[in-house]
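Trainee: Residues per chain, in single letters:
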Amino acid sequence: MKSTSTILTILTIILGTQLVFAQKPFTAKLLSFKDSLPVAGANVSLKGQSKQTQSNAEGRFSFVLESGRYEIKVKHIGYKEKVIRFNVPLDKELVIYLTEEDKQLEDINVSTGYQKIPKERATGAFTQLDNASLNTQSGTNILARLEGITIGVNFDTKASTNSQRKLNFNVRGLSSINGPLDPLIVLDNFPYDGDINNINPNDVESITILKDAAASSIWGARAGNGVVVITTKKGRLNQKTSIEFRSSLIISEKSDNFKLPEISSSDFIDVEQLMFAKGAFNSVINNQPYAALTPAVEVFLKRRNLLISAADSARQINALKQTDIRDDYSRYFLRKPYTQQHFVNFSGGTQKNAFGLSAAFDQGRSELDAPFDKINIKFTNSYAPYKNLKIDLGIYYTNSSNESGRPKLNTLKIGGKKVPYLDLADENGNPLEIALNYNKRYTSTAGNGKLLDWSYVPLEDYKHAVTRFRLNDFLGNIGVRQTILSWLSMEARYKYERQQSGSKNIQELGSYTARNMINTFTQISPTTGMTSYIVPKGGILYQSSSVLTAHNLRAQVNVDKSLFSGVLTGIIGAEIRNSESEGQSGTYYGYQENPLLLANVDLTHAYPNFITGGNQNIPGGQSFTRMENNFVSAFTNLAYTYQNRYTLSASARRDASNLFGVNANDKWKPLWSIGGGWDITKEPFYHEDWLTTLKLRITYGYQGNVDLTRTAMAILRYSDNSPANLPQASINQLNNPELKWEKTGQLNIGVDFATSSNRISGSIDIYSKHGSDLYGPVPYDYTAWGQSDYITRNVANMKGRGVEIDLQSRNIDGKFSWQSHFMLNYNKSVTSNYFGPAGYTASLVGSGSAITPAVGYPLYSIASYKWAGLDGAGNPQGILNGKPSIDYRAIALDRTRNGIASGSIIYHGNSLPDKTGSLINTFSFEGLSLSLNIGYKFGYYFRRPALSYTQLFGQGSGHSEFTDRWQKPGDELLTGVPSLVYPANSNRDSFYLLSEATVERGDHIRLQYINFSYSFSPVFLGKMGIKKLNIYSYASNMGILWRENKKGLDPEYPGILSPPKTYTFGLNLNF
Amino acid sequence: MPKNHRLKEIIQSTFVGLLIVICLINNLSCKKLLDAKPSFDITTPSTPQDLQALLDNSLTMNSRTPGYDEASADDYFLTPENFAILNLRAQDAYLWKPNINEFANDWSKAAEVIYNSNICLEAIETVDGNGTDAAQLNNIKGSALFFRAMSWLKLLWTHAQAYNPHSSNSNMGIILRQGSDFNVPSTRASVEECYSKLISDLNIAAPLLPDNPQHVLRPSKAAAYALMARAYLSMGDYPNALLNANRCLNIKSNLIDYNTIDIATNAPFQSYNPEVIFHSDISAYSYFNISPLYASVDSSLYQNYDPNDLRKSIYFARSGKYQLFKGTYLSRALGSNALFTGIATDEVILIKAECLARANQTEEAMTALNTLLKKRWKNTVPYTALTAADKEEALSIILKERRKELLFRGLRWIDIKRLNLAGANIILKRKLNGEEYTLQPNAEKFALPLPNDIVILSGVAQNPGW
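Protein sequence lines correspond, in order, to chains A and B.
Residues in the first sequence are numbered from 1 upward in steps of one, following my numbering.
Residues in the second sequence are numbered from 1 upward in steps of one, following my numbering.
A few chain B residues facing chain A, derived, Cβ under 10 Å:
| no. | residue |
| --- | --- |
| 1 | Gln49 |
| 2 | Pro451 |
| 3 | Ser458 |
Don't read these hints as lab results, they were simulated from the structure.
The model shown is predicted, which means the values in this text are computed figures rather than measured ones.
Glycine is no exception: its CB is placed at the ideal position from the N, C-alpha and C atoms.
Extracted from the complex, chain A is given alone in its bound form (with noise of 0.2 Å):
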């Protein structure tokens, strides 16, 4: 691992003048580069000469020397070798530092939540980040700084609609099919279920990521997707009190909305002539008065009605086709976002006690103006009153909140419907309304002024609106570690958690919102002209809360003991995990925050709506949610390393949880792993002295997979009362007594090796995956039951194979280094077994974000319909029995009937990359690094967005390639974009977005990110107390530097927005 203390080259300072003396003693200090502390016991050999010496426990050594020019070596574990040359005599002590070893493969401990296992006897593919490695990209989410520096960690932006995957990143490709497919998260020792975003990134030591069985079966039924173990920073005893501060800054670019393929404004008034004269909005027009239209529609009706003359009615027409709503948007909506983040941490200790304090604050504002801040408050403290007994505390507060800002663009819309040309303010900069839902014809005289206002001006709303949502979270634990024996130990863990959010959405008076409710209910009497309120006159309070809390409690006996030439590490014990959630939601009316005013509204009747004059309800009332979820578990983990060459490692666990409706004999499910380990270089053999670390491990066992959704029995769930107000209830599970959990095997062999002085160092893994009894998507003869199509049953089993590579070099070491750092992770799954009629694999034509099961292909794939260009036409073709057609409907049945096996159907490949991985070079001089993140993905198809006729008459959404479109025969030869057609074709339509024409590869090589740091010379600080200075600046999302498509699209986000290039700057200061 790359840390900044490594990165800085060697420093020797030689202070004072020649003298001649002779032989004099000459003696030297040993400091760490790091923290400026004495090193003790390091080996100091004089070259040419056989005199050896120790440093003592004030880092001084000494030689008795004649004058002369000298060369010394110095060599302590953790600390990289030094060679000094120096002139005897000195007038002064010669002061020499230490920087740090990576901490590659010496001396580390990983982390399993459970306990620490030292990395040279580990058998388990574990990766680590330390701090120094987290912090060389910035960010307010952890686990986002964990992307293109972490071997065997795929992230995907694509995948964020799935409700089973919160977290955007897989750990060595996808396990399940259809259950949860995010990895477990584990903070200080427990399973974390809050938000992410509470843990400050400043707060974190180190990461660790378990990847093979080995590593994570210690979490069994949970661990199926990797674990995630976070630890946080703490003091440690005997350590002098350090002060840490950071502090940074993070700007961005405001979005370019232009670089959206959108159908221009011109192109798409014209669209709207075409549908008017063809009656596309006559039945709007005519039985639904209220109804709003687009201004050019507005502008065509004015001119067929004869209000407008022809001339005014062009003028007019043309104004709106200069019009672009982005202009707008981007000058009067968007502003560069920006964070700010702040932390300091106190830490140290005494000989019985030890402390760690630190408190962080994070602020901002977002593109849309929305400010957010978030505060963190931490305490550490572990205590030893007694050699034999140390109690660790541990308090973790944050407290966020944020507010909503001004409205997104796709939310500006006219009656449901995009349009491309709204102008949003004047040229003086006044806002400007638009008819959100009604017409201006409508609401202008609707009432004869006795309702409000009823337009929407958008610049102006969100003032009006707000949505505030604040979190606190509160984390508190406690240890106690009795050791027994000098081999045996007891310790006792517990944790709580109480998360708390709440959010307040308060439409106030001048809201659209609570204006066209209010308008809506309003009577006014014909006879007598009065105005009544059934919604009351005031502002509208959408107001929901929920609680969470959770207890763990853990008991664990730890063994470390010395057997027949061997170590015997081990544990066994057993945990308790309680979790309930609390929510409730309600809305309240005629609300009013100062001085508090609520009014009372009668849910239970219907009003008449003051358009169409039918009844309805008011909509509202409460509603409440309670969940408890408990875990019990019994786990063991055993590891013996025999003569520090041989490791044998096996663990079990066994998990039980309140799974809803299944026999509590059932819920218990036993995983377990076994491991091997062997250290080449510690054999007697072993002579190589160019590589010193070679280390082979070998894995195999199960990790679980749990979906607390699935049940074995018919679930019952009750909803907000029937119009008749009485209690309902709905079954949203059908029942299916065969349920199982899913279960994945997974053989790993790992090779670590390094190089004499770690000049380059690694490790390549090989892992095999084999899911059973994965959950899937079934279709069914839903005559039984028709809420869905599909059931969910254990169906599939899947297979998957990978290779990840890591390696890192040290090209040139010296005052001026560059050290490179490589990654490679290649993942293949395929589904083996898919229990499901033949047709069901037509779903591989798609976007491939859908998983398909079809057998022997890839989990995410993508397939098109075969694609023979436009007719004569200007109509796509398909392929019909070996010809080419336009009998959509035909084509589409084909593919139905047949899926895969379909003559209509071209299969191209991968959806999701089976390369990726990135080069880090880092070059540093003096204080000054810089660092290059360049990622790769390879092997991976794309479906881009491509032009619906069906969306665009009907949902305004039209892309840009309309311009391209076929329009008079010939054009068949120059484009692929089919001519338009009214009334529309869906079935054409949806044939060309699925169609070969609109896949384009994937691969694509993009700067993930350059990171500038200067550290200033500790001599230099030490002599102002500062122990260490670093600034640096940071810029991420710089784009893409070559990308297989021709269309210039990032793969990544096809037809969205790439993130906006983000800058940061900062500090790190130690005391």
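Based on these hints, arrange chain B on the given structure of chain A.
Mentor: Using the frame of chain A, we list chain B on its own:
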């Protein structure tokens, strides 16, 4: 500290520690934890309250009436513009063309009602009825039977030929699922089996149900009789239809005087109004053709209303050149274009009138009809009672009024089928963009096709002609 004392302490603390661990591992102590409900608002259907709540889920049980039959019938037509806006399923239904009609569809909506009913019927046998009065348990059982029968009847009207006593044993009916287990394969029962099963269920249900329900979203005795009257009428069993219509009207026979209705408004009627015996509606369309937003009322039908007939102005609103239907028995919220498909007293009176006429009780038949029509007549103009010289004339008047009163209620399709079987010779025609499509009386296509995926997944036979 003496050495043996220290050893004792070690042994003690080790023992206590292990005891804690063993205690934790032993799942006996954890049984309570493991048996906790994950969420307090979910449960397996086990108490009478659960079952009643399932049946009170009005969105599933009352608002999912299939509309394929109505979309195939002739009370409406589509302008070419509106035809163009509609999806393929709706377009195909309009022109009686085969369609894949895969999930989600009307079939699945009906299946949900049937599944919920089956769950209740299974659970009611084992439910812990302690502390529950018999009336509540009876209501659950009766309601479940009623809901299931109502869905079956609709599917039967849609997907099977009209009941013909000569071929009802060989004609294919629908799938009569009587349990919740999805592993039981689907098979199609004969038309005869279907009608006799649903009628026998209704006969069991009626005595279990209260005369008048707590709310018209719930089934009642009146509703069960009315549904039986509907079923018998569609079978051509007029004496039984009459018997049940009378049983229903003895409980409930309220009529709304249309003079009290605001003519001008867009949504003249309220939901659950005094005429409604049992409420159901189409709120989520599979076939948008019949949504009042798109469907134009058949022009010759509209011409049939007398200017003094209030229905002419209450039921219809002008939209461009044509009329749209606004006379549905629903309070309509903004944007809602749902259609009432439940049972109201006007329908039962019309059943009674028709059956009386068919039984040669012409005068009684016309009296029943006049009772209804008087309430539809403008009170500023004297109402002249309709008369008929004979059975045929009475029948002709009553059937005409039936169509005028009950349009867009999901009744027309089966009326065409049963009347054509008796020789009415109603030919269905659609004109679109210069082309004419027709459906001849008693054509095979009157049994509308099953969804394609159901045929594939269950292996049941598709209807002939599709």
